[in-house]
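Colleague: We have chain D; now place chain L onto it with these hints.
For the record, the sequence lines run as chains D and L. Note that the working numbering numbers the first sequence so that position 116 is 116, with each residue one more than the last. Numbers given in the working numbering equal positions in the second sequence, counted from 1, plus 184.
Hints listed in this document are in silico derivations from the structure and should not be mistaken for laboratory results. Don't take each hint at face value.
From the structure, some residues in chain L lie toward chain D, with a derived Cβ separation under 7 Å [unchecked claim]:
#: 1; residue: S228
#: 2; residue: L232
#: 3; residue: R238
#: 4; residue: A249
#: 5; residue: M251
#: 6; residue: P273
#: 7; residue: H326
#: 8; residue: L330
#: 9; residue: F331
#: 10; residue: F390
Label pairs and their calculated CB-CB ranges [claimed, not checked]:
#: 11; chain 1: L; residue 1: S239; chain 2: D; residue 2: D74; range: 48 to 58 Å
#: 12; chain 1: D; residue 1: G44; chain 2: L; residue 2: H433; range: 48 to 58 Å
#: 13; chain 1: D; residue 1: R65; chain 2: L; residue 2: P342; range: 53 to 63 Å
#: 14; chain 1: L; residue 1: P203; chain 2: D; residue 2: G44; range: 20 to 30 Å
#: 15; chain 1: D; residue 1: I69; chain 2: L; residue 2: L385; range: 38 to 48 Å
#: 16; chain 1: L; residue 1: E254; chain 2: D; residue 2: L73; range: 14 to 24 Å
#: 17; chain 1: L; residue 1: I347; chain 2: D; residue 2: R65; range: 40 to 50 Å
#: 18; chain 1: L; residue 1: I344; chain 2: D; residue 2: I69; range: 46 to 56 Å
#: 19; chain 1: L; residue 1: G324; chain 2: D; residue 2: R65; range: 33 to 43 Å
#: 20; chain 1: D; residue 1: A83; chain 2: L; residue 2: E254; range: 31 to 41 Å
#: 21; chain 1: L; residue 1: L232; chain 2: D; residue 2: A76; range: 31 to 41 Å
#: 22; chain 1: D; residue 1: R65; chain 2: L; residue 2: H433; range: 53 to 63 Å
#: 23; chain 1: L; residue 1: I344; chain 2: D; residue 2: G44; range: 35 to 45 Å
C-beta: ideal position from N, C-alpha, C; glycine also.
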Amino acid sequence: MAAPESQPVGEVGLPDGGHQSNVFPPFDAHNFVPQIVWLVIIFGALYLLMSRLALPRVENILEARRTRINKDLDEARAMQDQAQAAGSAYEKTLADAKGRAQALGQQAHDQLHAESEAKRHALEADLAQKLAASETQIAATKAQAMSNVGTIARDAARTVVEHLTGRPASGEAIAAASSAIERN
Amino acid sequence: MPEKAIDPIHQFNIERLMPFHVMGLDASFTNASLLMVIILALVSLLMLAGTSRRSMVPGRLQAAAEMSYEFIANTVRGTAGQEGMRFFPFVFSLFMFVLLANLLGLLPFSYTVTSQIVVTFALAGLVMTVLILYGLVRHGTHFLGLFVPSGIPILILPFIVLIEIISFLSRPISLAVRLFANMLAGHITLKVFGGFVVALLGAGGFAALLSPLPLIGIIVLTAFELLVAFLQAYVFAILTCVYLNDAIHPGH
Numbered sequence: 001m002a003a004p005e006s007q008p009v010g011e012v013g014l015p016d017g018g019h020q021s022n023v024f025p026p027f028d029a030h031n032f033v034p035q036i037v038w039l040v041i042i043f044g045a046l047y048l049l050m051s052r053l054a055l056p057r058v059e060n061i062l063e064a065r066r067t068r069i070n071k072d073l074d075e076a077r078a079m080q081d082q083a084q085a086a087g088s089a090y091e092k093t094l095a096d097a098k099g100r101a102q103a104l105g106q107q108a109h110d111q112l113h114a115e116s117e118a119k120r121h122a123l124e125a126d127l128a129q130k131l132a133a134s135e136t137q138i139a140a141t142k143a144q145a146m147s148n149v150g151t152i153a154r155d156a157a158r159t160v161v162e163h164l165t166g167r168p169a170s171g172e173a174i175a176a177a178s179s180a181i182e183r184n
Numbered sequence: 185m186p187e188k189a190i191d192p193i194h195q196f197n198i199e200r201l202m203p204f205h206v207m208g209l210d211a212s213f214t215n216a217s218l219l220m221v222i223i224l225a226l227v228s229l230l231m232l233a234g235t236s237r238r239s240m241v242p243g244r245l246q247a248a249a250e251m252s253y254e255f256i257a258n259t260v261r262g263t264a265g266q267e268g269m270r271f272f273p274f275v276f277s278l279f280m281f282v283l284l285a286n287l288l289g290l291l292p293f294s295y296t297v298t299s300q301i302v303v304t305f306a307l308a309g310l311v312m313t314v315l316i317l318y319g320l321v322r323h324g325t326h327f328l329g330l331f332v333p334s335g336i337p338i339l340i341l342p343f344i345v346l347i348e349i350i351s352f353l354s355r356p357i358s359l360a361v362r363l364f365a366n367m368l369a370g371h372i373t374l375k376v377f378g379g380f381v382v383a384l385l386g387a388g389g390f391a392a393l394l395s396p397l398p399l400i401g402i403i404v405l406t407a408f409e410l411l412v413a414f415l416q417a418y419v420f421a422i423l424t425c426v427y428l429n430d431a432i433h434p435g436h
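Just chain D, with the same shape it has in the complex (with noise of 0.2 Å):
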């Protein structure tokens, strides 16, 4: 590159001659200026396009985008927080529930216990009355009887006593005899 005049012919022959040399291409001065004038031009109007129009427009989609997201995940979160509520709500309204069932089932148990066992005592009571008036009952009537078997032993003795001797019998005598045997 450094002794142009020493290249062969042919590489010196270019289609556009007119223009190049046989400079290497980028250190070519004679094309800086118009690379630079277009440079500017372009890149001037690169970066007004990308700081005027493109680059807040990106910035605003995405910033709405993040508002939106965080706004979606409060909701998201407030929700979750009512539907916890909700749910220890549920709970709480159910052992109440519970709780008040259990009482009122002792209480209704505890009732009917005292119930019948009143009823169990009245009914014992008074069993163990009539129990008592049978027994009396019983006593007497059995006392009875055996007054009345005493009387008859009698009849039966002065009748086979009559029978046997042909006389009356004696009153006194047979009762001392039955008497005697009774304290036997």
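Modeller: For chain L alone, coordinates are given in the frame of chain D:
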């Protein structure tokens, strides 16, 4: 071999499509200018047409536009802080311009704008101008503290200041030459390999059987050049951010 078709330098020739002079300036519309116009059109298509519907759920083009936005926004915020975001449109334009220029340059019959050192130097110079102006307006003479690190013995301070100034001045050069050289070397390599294919085919016989080898090389290199195209645009953008960060916070 003076064959134009396989001359690897031919692709960098500037061709004046519309010679044009205004006020003594050569403002001819060249093939490079055409590519710049196409870059502008494509970036505008992506960023303006892509976002025209402002959808809450983005389509493909809008997603790409948002991705570019967030990619550069995160880069700027990460390297230059929240205050660096005032330069976000500038860095974004730089990145998109360089990226599109690099990528479009890989298309056949296209032109690589960033393989012109004057273009990369102009961009690097623009970055340096912006950061010097901003630094001077924002910090006044305090901005010159950039060259005077604190806690240096007074004896060697002049040397340090000299080194700092040289390192500062070499920034635009490294910025420009890195991009330019990467693009230039990549495209020359691609063209040379392409020349091998043609030469081997032209030789015929056994040599023609070997011609697929450089073709495979071209395929691999093209993939590599795609990476380089993106990487160099990213490096250009992130170095711009780093330098701007110096202008925002000049103290060491």
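Colleague: Could you check if L/P273 really has its C-beta closer than 7 Å to a C-beta on chain D?
Modeller: For L/P273, the interface hint holds, since the closest Cβ of chain D sits about 3 Å away, which is under 7 Å.
Colleague: Does L/S228 hold up as a contact with chain D if the rule is Cβ-Cβ below 7 Å?
Modeller: Hint on L/S228: holds, closest Cβ of chain D at ~6 Å, below 7 Å.
Colleague: Grab the minimum C-beta distance from L/L330 to chain D and call the hint holds if it beats 7 Å, violated otherwise.
Modeller: The hint is violated - L/L330 has no Cβ within 7 Å of chain D, the shortest such distance being about 25 Å.
Colleague: That 35 to 45 Å hint for L/I344 and D/G44 (C-beta), does it hold up?
Modeller: holds (38 Å)
Colleague: Range first: 31 to 41 Å. Now tell me if the beta carbons of D/A83 and L/E254 are that far apart.
Modeller: Since D/A83 and L/E254 have Cβ atoms about 35 Å apart, the given range 31 to 41 Å holds.
Colleague: How does the Cβ-Cβ distance of D/R65 and L/H433 compare with 53 to 63 Å: does it lie in that range?
Modeller: About 32 Å separates the Cβ atoms of D/R65 and L/H433, which means 53 to 63 Å is violated.
Colleague: Given L/H326 as an interface hint, is the shortest Cβ-Cβ distance to chain D below 7 Å?
Modeller: violated (27 Å)
Colleague: The hint says 53 to 63 Å between D/R65 and L/P342; measuring C-beta to C-beta, is that right?
Modeller: With a Cβ separation near 55 Å, D/R65 and L/P342 satisfy 53 to 63 Å, so the hint holds.
Colleague: Check the following: the C-beta atoms of L/E254 and D/L73 are separated by a distance inside 14 to 24 Å.
Modeller: holds (20 Å)
Colleague: With a cut-off of 7 Å on the beta carbons, see whether L/A249 makes it to chain D.
Modeller: holds (6 Å)
Colleague: Is it true that the C-beta distance of L/L232 to D/A76 lies inside 31 to 41 Å, as the hint says?
Modeller: holds (34 Å)
Colleague: Just tell me: holds or violated, for the beta carbon distance of L/G324 and D/R65 against 33 to 43 Å?
Modeller: holds (41 Å)
Consistency note: the structure conflicts with the earlier hints numbered 5, 7, 8, 9, 10, 11, 12, 15 and 22.
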